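Colleague: These protein sequences, in sequence, are chains A and B.
In terms of the numbering used here, the first sequence is residues 1 to 353.
In terms of the numbering used here, the second sequence is residues 354 to 555.
Keep in mind that a hint or two might mislead.
Once the Cα atoms are required to be at most 20 Å apart in a straight line, the calculated DMTMM-like pairs of lysine to aspartate or glutamate come out as [said to hold, decoys possible]:
| no. | chain 1 | residue 1 | chain 2 | residue 2 |
| --- | --- | --- | --- | --- |
| 1 | B | 462 | A | 231 |
| 2 | A | 230 | B | 489 |
| 3 | B | 359 | B | 465 |
| 4 | A | 230 | B | 416 |
Rather than coming from a laboratory, the hints here were simulated on the basis of the structure.
Computed from a prediction, not measured in an experiment: that's the story for all the values here.
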Amino acid sequence: MGEEKRYWRDYQKDIPDGPFFYVRSCIRQTFTPGAETMLLKILTGYLGLDVYEDPRHTCCSGIGYHTDVVPLETTMTIIARQLSLMQEDGYENLLVSCVTSFGLYNEVLDIWHHFPEKLEQTRRYLREATGRDFALPKAVIHTSDIVYKHRSRLAGMMKYRMVDRQSGRPLRMVDHVGCHYAKIFPAKGIGGAEFPQVLSGLAAPWGGISVDYSERRHCCGFGFRQYLLKDNRSYSVSHSKVKLESMAPHHPDLILTNCPGCCMFLDRWQYTIAEIEGRTYDDAGRGIPVLSYEELAALLLGENPWDIGLQMHQVQVESLMDKIGIEYDASQKYLGDRGQYIGCPQKPDVLLA
Amino acid sequence: MTDYLKLLDSDLRFREGLNACMNCGICTAICPAAAIFDYDPRKICLIMQKRDNALTEQLLASDTIWFCGQCLGCRTRCPRNNTVGYIIQSLRRVSLETGLYLRSDQGRKQIDLARNIGGNLMKKGYCVDMDLVVPEMHPEQGPVWEWVYENRQAVCNRCGGNYHGSGPGAQRTIDPQSMSELQAILRTTGGEAFINKLSKGE
């Protein structure tokens, strides 16, 4: 193997084929619950992987930890309980769907590795509180890693391609990888923090083009307390604006994300910026559609966009679906769980579909 | 005066975060908070390397330590393997434990976070759920979220969720036994007492 190839091996990651113990994201289940439904359908249905969700698992407490209201010892013990459930259910590979959680699971495992007394303290706390014990996971995998690994297999099953149906032009995708996916532990992410590949690597097999932009590695602006506190939200919108301004000259057809929070922020802040400044980031004044990797995969596989939950996005996705030639029934968009019409959102003065 | 440095030294994040900073400023160049606020992670390292208890107290009682957004980009970039984001985590903890956070505007905002995020975790087992994102407090979420919020059960379950249901699925209610285990963890590890203390502004 040549010197150059050895160098790139540092940016690869071993991804097992399962079986996987799945833990959810409280941000995604709040803002894009359909993305979780579709992800599990893709993993277990399309890819036939063994993925199990134990309904007894809780939030990892990551948002509380990074907003400094949950102590480290509490977070470590909550994570230990998730691992205890995994052991009880007979699984060894932890499959994490949230980027904040992914960073935190890796962080806690790293602490336990370097500070065995913290591992022992956590075992004591968990035993005292619940009578449980736990085993360390064999692997910690982010759900976007799995989709990346099986990108070509999925491409073979897709009904649509990331191509403009009229012109045959490959669609231009800009990506945003959540900070805690690889900035804390670069070796845990595909492409590391420097050359993130986990999303950009999906474009070519699915028919599109990944476009680099100068602020690609910049934070979306969540900032934990900076978004969650109303008074501090200027931090959050300012950083999303930095990213959107950097994307716009490349005329992207869509933004792709692997973090449920980033996906929501890059969507919602386009609305806010449009309301405040009248600024939109596409040529038609509709905004750039923002999708997560599982939402995009599900769309291209031919799943109903309203089952995916794309009606929950503020920047409407019809323009993207029309470009690709995705068939959809507009009359189903605002139907509820029993097929009942539940009214539609008030139209904003900006970003009109 | 409390020995703040001793409290910080007992936090492994402080010890791991500050190795041998040469004040090159790469952390400040990459830091999103430094671009927005009067915040300079390089200065945080400068102050902490002085090992001056009085200066540390000033820092703990200031707005400065609350500006970091915890992206942890500083960890990726530091050529000396320092992580200012970890130093900040430990400074914030000492500020909260000693009550110095109450002396700064930004610090006092922890009361709201403890009540909302901490309270939701203790009550429901999730830091965040649909019920928490009230449109009046989140105008930036826009009219689509307002519609989602008003119809959250129908919209969530339309997308395969399980709003306030039992069993698996998005937005499910966590069963009583699991909540009881979570609450026992919060009690045993001091999390409950910590959240309650902050919620009361103590």
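Colleague: Does each hint hold? Answer for all of them.
Modeller: Do the hints match the structure? See the list:
1. B:462 x A:231: Satisfied, since the Cα-Cα distance of roughly 9 Å is no more than 20 Å.
2. A:230 x B:489: Distance ~11 Å between residue 230 of chain A and residue 489 of chain B Cα, so the pair holds.
3. B:359 x B:465: violated, 29 Å
4. A:230 x B:416: The hint holds at about 16 Å.
The structure is inconsistent with hint 3 alone, although it conforms to all the rest.
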